[in-house]
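Participant: Listed in order, the protein sequences are those of chains A and B. Residue numbering for the first sequence follows this note's numbering, starting at 1 and increasing by one per position. Residue numbering for the second sequence follows this note's numbering, starting at 376 and increasing by one per position.
These are calculated hints, taken from the structure and not from any lab test. One or more of the hints may lead you astray.
Chain A regions said to be covered by chain B (calculated; three or more residues, Cβ under 8 Å) [claimed, not checked]: (1) 124–130; (2) 154–168; (3) 294–300.
Ranges between beta-carbon positions, derived for each pair [stated by the list, open to error]: (4) A:Arg290 x B:Gly533: 56 to 66 Å; (5) A:Gly158 x B:Val731: 42 to 52 Å; (6) B:Gly455 x A:Arg290: 50 to 60 Å; (7) A:Gly85 x B:Gly620: 35 to 45 Å; (8) A:Arg39 x B:Glu610: 48 to 58 Å.
Even for Gly, the Cβ is constructed at its ideal location relative to N, Cα and C.
There are 2 protein chains.
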Amino acid sequence: MSAVGGEPRNVRVELGARSYDILIGGGLVARAGGEIAARLPGVRAAIVTDRNVGGHHAGALAQSLEAAGIASTTIVVEPGERSKGFATLQEVVDGVLAARLERGDVVVALGGGVVGDLAGFVAGIVRRGMRFVQIPTSLLAQVDSSVGGKTGINTAHGKNLVGVFQQPALVLADTGVLDTLPEREFRAGYAEVAKYGLIDRPDFFAWLEENWRDVFAGGAARTHAIAESCRAKAEMVARDEFETGDRALLNLGHTFGHALEAATSYDSARLVHGEGVSIGMALAHRFSARLNLASPDDAVRVERHLRAVGLPVSVDEIPGELPGAERMLDYIAQDKKVSRGALTFILTRGIGQSFVARNVPASEVLSFLKEVLAS
Amino acid sequence: MSAVGGEPRNVRVELGARSYDILIGGGLVARAGGEIAARLPGVRAAIVTDRNVGGHHAGALAQSLEAAGIASTTIVVEPGERSKGFATLQEVVDGVLAARLERGDVVVALGGGVVGDLAGFVAGIVRRGMRFVQIPTSLLAQVDSSVGGKTGINTAHGKNLVGVFQQPALVLADTGVLDTLPEREFRAGYAEVAKYGLIDRPDFFAWLEENWRDVFAGGAARTHAIAESCRAKAEMVARDEFETGDRALLNLGHTFGHALEAATSYDSARLVHGEGVSIGMALAHRFSARLNLASPDDAVRVERHLRAVGLPVSVDEIPGELPGAERMLDYIAQDKKVSRGALTFILTRGIGQSFVARNVPASEVLSFLKEVLAS
Ligand SMILES: NC(=O)c1ccc[n+]([C@@H]2O[C@H](COP(=O)([O-])OP(=O)(O)OC[C@H]3O[C@@H](n4cnc5c(N)ncnc54)[C@H](O)[C@@H]3O)[C@@H](O)[C@H]2O)c1
Ligand SMILES: NC(=O)c1ccc[n+]([C@@H]2O[C@H](COP(=O)([O-])OP(=O)(O)OC[C@H]3O[C@@H](n4cnc5c(N)ncnc54)[C@H](O)[C@@H]3O)[C@@H](O)[C@H]2O)c1
Ligand SMILES: [Zn+2]
Ligand SMILES: [Zn+2]
Numbered sequence: 001m002s003a004v005g006g007e008p009r010n011v012r013v014e015l016g017a018r019s020y021d022i023l024i025g026g027g028l029v030a031r032a033g034g035e036i037a038a039r040l041p042g043v044r045a046a047i048v049t050d051r052n053v054g055g056h057h058a059g060a061l062a063q064s065l066e067a068a069g070i071a072s073t074t075i076v077v078e079p080g081e082r083s084k085g086f087a088t089l090q091e092v093v094d095g096v097l098a099a100r101l102e103r104g105d106v107v108v109a110l111g112g113g114v115v116g117d118l119a120g121f122v123a124g125i126v127r128r129g130m131r132f133v134q135i136p137t138s139l140l141a142q143v144d145s146s147v148g149g150k151t152g153i154n155t156a157h158g159k160n161l162v163g164v165f166q167q168p169a170l171v172l173a174d175t176g177v178l179d180t181l182p183e184r185e186f187r188a189g190y191a192e193v194a195k196y197g198l199i200d201r202p203d204f205f206a207w208l209e210e211n212w213r214d215v216f217a218g219g220a221a222r223t224h225a226i227a228e229s230c231r232a233k234a235e236m237v238a239r240d241e242f243e244t245g246d247r248a249l250l251n252l253g254h255t256f257g258h259a260l261e262a263a264t265s266y267d268s269a270r271l272v273h274g275e276g277v278s279i280g281m282a283l284a285h286r287f288s289a290r291l292n293l294a295s296p297d298d299a300v301r302v303e304r305h306l307r308a309v310g311l312p313v314s315v316d317e318i319p320g321e322l323p324g325a326e327r328m329l330d331y332i333a334q335d336k337k338v339s340r341g342a343l344t345f346i347l348t349r350g351i352g353q354s355f356v357a358r359n360v361p362a363s364e365v366l367s368f369l370k371e372v373l374a375s
Numbered sequence: 376m377s378a379v380g381g382e383p384r385n386v387r388v389e390l391g392a393r394s395y396d397i398l399i400g401g402g403l404v405a406r407a408g409g410e411i412a413a414r415l416p417g418v419r420a421a422i423v424t425d426r427n428v429g430g431h432h433a434g435a436l437a438q439s440l441e442a443a444g445i446a447s448t449t450i451v452v453e454p455g456e457r458s459k460g461f462a463t464l465q466e467v468v469d470g471v472l473a474a475r476l477e478r479g480d481v482v483v484a485l486g487g488g489v490v491g492d493l494a495g496f497v498a499g500i501v502r503r504g505m506r507f508v509q510i511p512t513s514l515l516a517q518v519d520s521s522v523g524g525k526t527g528i529n530t531a532h533g534k535n536l537v538g539v540f541q542q543p544a545l546v547l548a549d550t551g552v553l554d555t556l557p558e559r560e561f562r563a564g565y566a567e568v569a570k571y572g573l574i575d576r577p578d579f580f581a582w583l584e585e586n587w588r589d590v591f592a593g594g595a596a597r598t599h600a601i602a603e604s605c606r607a608k609a610e611m612v613a614r615d616e617f618e619t620g621d622r623a624l625l626n627l628g629h630t631f632g633h634a635l636e637a638a639t640s641y642d643s644a645r646l647v648h649g650e651g652v653s654i655g656m657a658l659a660h661r662f663s664a665r666l667n668l669a670s671p672d673d674a675v676r677v678e679r680h681l682r683a684v685g686l687p688v689s690v691d692e693i694p695g696e697l698p699g700a701e702r703m704l705d706y707i708a709q710d711k712k713v714s715r716g717a718l719t720f721i722l723t724r725g726i727g728q729s730f731v732a733r734n735v736p737a738s739e740v741l742s743f744l745k746e747v748l749a750s
């Protein structure tokens, strides 16, 4: 259990007129009303949450808002990726309009990445843009999806293909709410924490190797890991708000990971996103070693750490059948990170030395996949 | 019939990095490929159109694109306001994704305001923002909806409540395509042309009083009226891209107009938007005179001109029953231009001297409506 008192850590996302604070610490749901009222005086709110998270935390949030003079309506969606679709989008839009909220009012996302992406998109399009606050409740949402302004839904053609950039006015990462998060979800989110170390923060990765048990336990180490992750993402977002270049590094592990998610039909019983990313990061390091870009020792070190925390690092750990290498390559080529037909990967020269590799030959990827899937 | 040759007029919309040209003249559909390829080299395109417009002009457009090396898919929606809804939005999004267009590719709107608002919204959300070109084919779309970047759809809660600001990369207003536009639609669009004169261009209004027959006939006067209207709108948009202040003047005639559209259930057999605006402008001038803000002579002059071109200026001209004054006030209060409960109107001190009036007392509006509806 994280401490409820004490000042939260503050990570600022620098985006000119769209800059905002990420507050990280215990007890922030209970303080949300005050923090929001101080920044957005006079607003009314729609809280968007899912049934799981809402049951635990929506009452406390609504109370905190009310105590700060913010009237709110709560809109509850079903938990799970399915809610990131046109049907639920329309329902939430209708809920916000039915509450007669205006352009200056605020949509508050209380939940994991699903709720954040959905509610952020709603905030971006109702009355051509309302205000938006993120209260991420999964580790993944706290260190990744709530920061950076990417919002959206899935379609039959693929994940996250429809949405807008909608920066929040404030992010409140309450480290205490993670105590109700299922452990598998916490672990999956941890893959994204490790990712920041692997992208360009070798010291942070080394710190995680030493301190991951404390991060899982909660307290100061957890807060530090979340703050460091938010800082890493915030810097990348500030350099490239609309994802035209550098920000692609955040996809380390994701090209393989997304292909595995697609290959398992996004069936969370088999694989959740962070697990796919964990395997994907391990593969990205092995693939980089195979291309003589990095030492195989680094790949071993990455796998050792991910395994230690209980994350999968090999496709064999996914229950059930996987398609063959050719089909996996199709999934990779369909991934939206593929620009104009060329295969783009995030590869690495070692721990904390990743880079965007464009024009990776499909033949190299294919023979690597054959090896990986045969083993 | 407008001349097909000759250089088009160019009105520049100054929005910093989002600046763009509006080209106005004959034969622009046939020249679209070259104009787009010059500005957006290497793109592929999705043409969005409706059945009416598509039948006349989509073939010529696709041909022009092809000749310039731009591969295109055409997505056809049903004509009419109904297409501005979630169902059609999803269909068009799916069509663009099925064509495997990427973020750098372009959505081209070929149609009236319905197609422009819908296709612009699609361009704004597919892959979190594609490029967008407007080829407006109704007079209303050429002088109003295609300029300024407001896009969106309707919901059960009201019109245009969901959307984004998505500036086009280029607007091509082909004055020739207006020859296939039904005359009633042309006349309705003319109400918006007259509006620019009434807002802040008294000389333009006087010019229209003299030359409106030539505008209806086509040729140079039509091109001039469209260019002048685009310039007026572009200036207002440049001052206030996200509609937080000045841009509200563009709603002259629209508060009453929207209420009348709602009161007639958006039944275009009874009233189309421009007709509502025409009556709304006449009422805004009469209301201003009643409040001793403007001379009654100006209201008479406005009504005389609108009547001359064949536009309605009084609620009596709307076929069928209208609700009473109280109900009309409800429609006005529901209109999205109402900010935080205060009644906001665009009123005037005379021809070309309109202004934003906040906190107009509801009691004054009500007694004016009673008078208007009783007559
Ligand atoms: N926008 C971005 O930049 C970005 C980045 C990464 C991922 N994402 C998106 O994020 C989504 C995944 O996010 P996620 O992993 O948080 O999934 P999620 O929102 O589905 O949450 C995972 C599960 O945990 C539950 N949960 C969340 N917080 C809880 C809490 N405190 N207590 C109890 N239960 C809780 C949820 O109800 C859900 O069942 C994906 O849709 C992905 O596309 C977006
Ligand atoms: N985005 C904005 O800033 C803005 C501003 C004003 C109005 N609007 C929107 O614009 C819409 C109204 O636009 P509209 O009046 O153009 O309506 P519309 O698009 O429905 O067009 C009117 C009719 O004319 C037909 N048509 C259009 N061009 C034609 C042509 N060249 N030949 C033959 N038929 C043609 C259409 O098929 C339709 O039946 C409304 O939805 C309104 O909300 C938007
Ligand atoms: Zn991820
Ligand atoms: Zn209008």
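Participant: Which hint numbers does the structure go against, in order from smallest to largest?
Facilitator: Failing hints, ascending: 3, 8.
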